Each structure stands twice: as C-alpha cells, then as structure tokens.
Amino acid sequence: MGIPPPSVRWEKDGQRLSADGVHISLIENGTLHISSLQETDSGMYTCVASSSTGETRWSGSITVRDTETSSLVRLSQTLQLPGPPLKPAVTDVSQSSVTLTWQPNQHEGGAAVTSYIIEAFSQSVGSTWQTVADQVRQEKHTVSGLFPNTVYLFIVRAVNSYGLSDPSPISEPVRTQDGSPSSSPIDLRRVQADLAEVTVYLHPPEILTPTSIQITWTVEREPYYIQGYRLLYRPSGGAWLVQDIKSASKHTAVLSELHRGREYELKLRPYFKEFQGSDSELVVFRTPEEVLCGPPQDVSVVQLDNSSTVRVSWEPPFDDIQDEPILEYRVWCVGNVSGLQMQLNQSVTGEVLHVLVDDLVPEILYSVQVVAVTSAGAGEPSEPVFILITPVGEPSLPVLNDDSSSLSEHISALFRQPAFIATLGSACWMVLMGFSAWIYCRHKKRKELGHYAN
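If you read the sequence shown in the working numbering, its first letter stands for residue 1, the second for the next number, and so on.
Since the hints were made in silico from the structure, they are not lab data.
Because the structure is a prediction, the values reported are computed rather than measured.
Pair by pair, the computed Cβ-Cβ distance ranges are:
(1) Pro5 x Thr131: 27 to 33 Å
(2) Ile34 x Pro325: 55 to 61 Å
(3) Ser50 x Leu282: 18 to 24 Å
(4) Phe435 x Arg137: 36 to 42 Å
(5) Glu351 x Asp134: 39 to 45 Å
(6) Ile170 x Glu265: 22 to 28 Å
(7) His354 x Gln177: 43 to 49 Å
(8) Thr131 x Gly434: 48 to 54 Å
(9) Asn345 x Gly21: 58 to 64 Å
(10) Ser18 x Glu265: 23 to 29 Å
(11) Val93 x His354: 46 to 52 Å
(12) Tyr201 x Val361: 26 to 32 Å
Yeah, the Cβ is synthetic: ideal placement off N, Cα and C, and Gly gets one too.
With these hints in hand, go ahead and build the complete structure from the sequences.
In structure tokens:
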C-alpha cells in the first residue's frame with residue numbers, strides 16, 4: 001500500500017469512526033465493513049491514509065433507504081449506467097503531458113457511451129483526484145498542463161445519457177519528464193518555507209451571471225517563490241475541480257461554466273512548481289436561477305496599429321430581454337499561457353459602447369466578452385470573440401468570432417446528424433414512391449387508350 005506503510009482511519013461526516021466489532025468493523029488492510037445497514041448509516045464517509053511522508057483522503061457518500069422499492073429503482077438506475085472502462089495505459093510522456101489509451105467496457109448501459117472523463121491524482125499536486133479532461137470522444141487522449149518531474153495516477157470514467165460510470169482501474173504510476181537541466185538549482189526547503197508563511201484571504205465572490213462569478217483575494221505576505229494560485233471549487237458535497245491562475249499584481253479571476261441555482265464551495269492556495277502553500281478558508285456561495293439581463297450584441301475587437309492595445313465595441317442587449325436601465329458594461333479579456341489564465345478587465349458606464357484594453361501580450365490568443373450590469377446584477381455575457389495579438393509592426397490578424405468562423409463546421413455537423421440523414425432519406429423515399437406511382441398511372445392510362453383504339 002506504500003512505503004512506509006500508511007495508517008488508515010475512517011471518518012463519517014467529519015467525525016472519526018470507531019469499530020464496535022458488531023455493526024462497524026475495521027479490517028487490517030484498511031477496509032471498513034458495516035453490517036446490517038440502517039438509515040442512520042447514511043452520510044459522507046472519508047478514508048484517511050497517513051504516513052511520515054504525508055496524508056491523503058478519499059471521500060464518498062452513502063445513502064441508505066429502508067424500502068425494497070428504492071433498492072429496485074437504484075438497481076435499475078445502476079444497470080442504465082455504462083460499465084467502467086478498462087485500465088488506462090500510458091503510451092507517451094513529456095515534461096507536461098501524458099498520453100493515455102484504454103478499451104471501453106462491453107456493457108454500455110441503457111444508452112450509448114457519448115464521451116469519457118479523465119481524472120488525475122498526484123501527492124504533490126493537491127492530494128485529491130482532479131478532473132483533467134472531459135468531453136473526450138475517443139479511447140485515446142493526451143493530458144496536458146501537468147507539472148515536470150511529478151508522479152501521477154489516472155482513472156477514466158465513461159459517460160452516457162444516464163450518467164457516469166464507476167472509475168476504471170487505476171493506471172500504473174507515471175512520472176513526467178524532468179525540466180531543463182541547465183536551469184539554476186532551487187533550494188527546495190526555502191521554497192517550501194516561503195510558501196508556508198503565506199496566508200491567503202479569499203473574499204466572498206461577486207455574482208456576474210447565473211453561471212459565472214468573479215473572485216478576489218488578498219495576501220498577507222507576497223511570497224518570493226510564486227507561479228500562481230490554485231483555485232479549488234466544487235458543488236457542495238461533490239468532487240473538487242481545479243483552475244490555475246497565473247500570478248499577477250491584481251488578485252482577481254473569473255470562474256465560469258457553473259450550474260445555475262447550485263451551492264458551491266471555494267478555496268485558494270499559492271503554488272510554485274510542485275510545491276503548494278496552505279489553503280484559504282472555505283467560502284460558500286450559491287449561483288442564481290434566472291438570467292438578469294441579455295447579452296450585448298455585435299461585439300467587435302480590433303487591434304490598434306503598432307500597439308498592444310485593442311478596441312472593443314458593442315451594441316446594447318435587445319430591449320425585450322432586459323427591462324431595467326443598464327448601469328455599466330464590463331469587458332472581460334482572458335488569455336491563456338500553458339493552461340494558466342491571464343485576465344484584464346475593464347468597466348465603463350452604461351452610455352458608453354466601446355473601451356480600449358491595454359498591455360496585452362503579443363502572440364497570445366485572447367477571448368473577449370462583454371456583460372451588461374443593471375441594478376439587479378450582471379446579465380448574460382456575450383459570445384466570446386477571439387483575437388491573436390500580433391507583435392508591434394506586423395499587421396493584426398482578423399478577429400475570430402464563434403458564430404462566423406464555425407459556420408461551415410455547423411453546416412457540416414448538421415449534415416452528419418442522424419435526424420437530418422433520416423429526414424433526407426424519408427424525403428427521397430417519398431419522392432421515389434410518388435414518381436413510381438406517376439409512372440404506373442401513366443402506363444395504365446396508355447394501356448386503356450390502346451384498348452379503346454383496338
């Protein structure tokens with residue numbers, strides 16, 4: 001189980017479990033056994049393995065219902081889920097990526113498998129299972145954004161219309177390649193001590209839209225060794241998700257793609273390479289249910305000549321979507337470098353329909369969105385517009401808009417839709433049958449006229 005062998009304990013709802021030898025038993029290999037389950041046994045169970053090298057946890061929720069009907073329903077729902085994929089195999093490794101392949105389970109469940117989710121675990125990076133890829137369509141995928149010289153474990157889950165499968169068997173441990181040997185050596189003990197003295201204060205988030213928030217934080221002492229901050233978030237009681245934020249003078253970031261009307265938990269920690277500081281205190285918030293205002297229209301992004309500045313312009317939201325006057329517009333300009341987020345935000349009053357965004361980094365692809373704010377809060381953001389910032393002296397590249405640039409892709413995808421193919425086939429069959437009936441009637445009429453002529 002590990003070197004040195006860890007000690008294992010179990011917790012229920014945050015309280016340590018004690019074995020009584022009758023109802024609850026703890027086996028030597030760390031297994032928890034509960035006999036004669038009761039409804040009071042429902043709760044969140046956590047397995048904690050610790051040794052002199054560190055500690056790791058794995059949690060799971062158990063719900064006990066005292067009816068045969070609910071058991072049958074759960075059994076039916078379980079059979080509808082896909083079976084877990086087979087053990088993933090590592091086929092290629094670099095400093096920051098690992099390529100995995102796996103075989104699907106023969107049991108697809110009540111519907112065909114539509115995609116896969118890949119989760120990774122590293123003792124050096126969070127000590128929790130983290131989703132590193134989703135919407136994976138094939139049985140092969142390269143996981144990027146990993147840390148050099150770090151040991152990872154991987155599991156894969158299948159997804160169909162009924163939900164997630166159980167996890168696959170855990171992959172063999174794999175270590176990413178080491179970084180550049182020519183770089184100057186770093187005192188690892190100094191890095192760890194530097195991060196240990198950092199205290200992060202995470203403020204209550206600002207709700208931007210029903211699916212996005214803006215977070216801000218302050219640091220009691222800015223560390224010397226810092227690459228960024230690791231944001232961990234999850235729906236209450238769910239698995240932790242991770243977003244890395246590149247270190248910048250402004251301690252702020254936008255978290256998007258949340259679910260409406262859900263309660264979330266947030267925490268933040270500083271990091272440098274594989275080293276991490278202490279977590280901030282947990283912050284809990286709930287996303288709203290309704291859309292407060294429609295998205296601004298006709299968003300345009302143009303890079304000014306011989307500068308790293310872009311001009312963003314837009315039109316107000318449609319009047320039939322929002323009733324209250326617009327107090328201000330917020331412009332989000334987000335770029336990504338090696339999976340780390342760089343963000344520049346601007347705000348203007350509700351009468352202004354353009355803004356200049358400065359200090360963009362050349363050769364970086366930025367995503368620009370605009371959101372209108374009323375007294376009820378921020379509304380729905382516009383569709384993202386992408387622009388690649390070119391170095392000074394070179395002509396700027398055209399702006400890429402999701403709607404226009406992917407028109408051919410949308411048409412091609414439409415032609416590949418089963419419903420479209422079935423409709424087209426039905427239409428062709430009806431035309432063919434109509435043509436056959438017309439030929440038959442014409443032939444019959446000619447035969448009758450020939451009979452009268454004779």
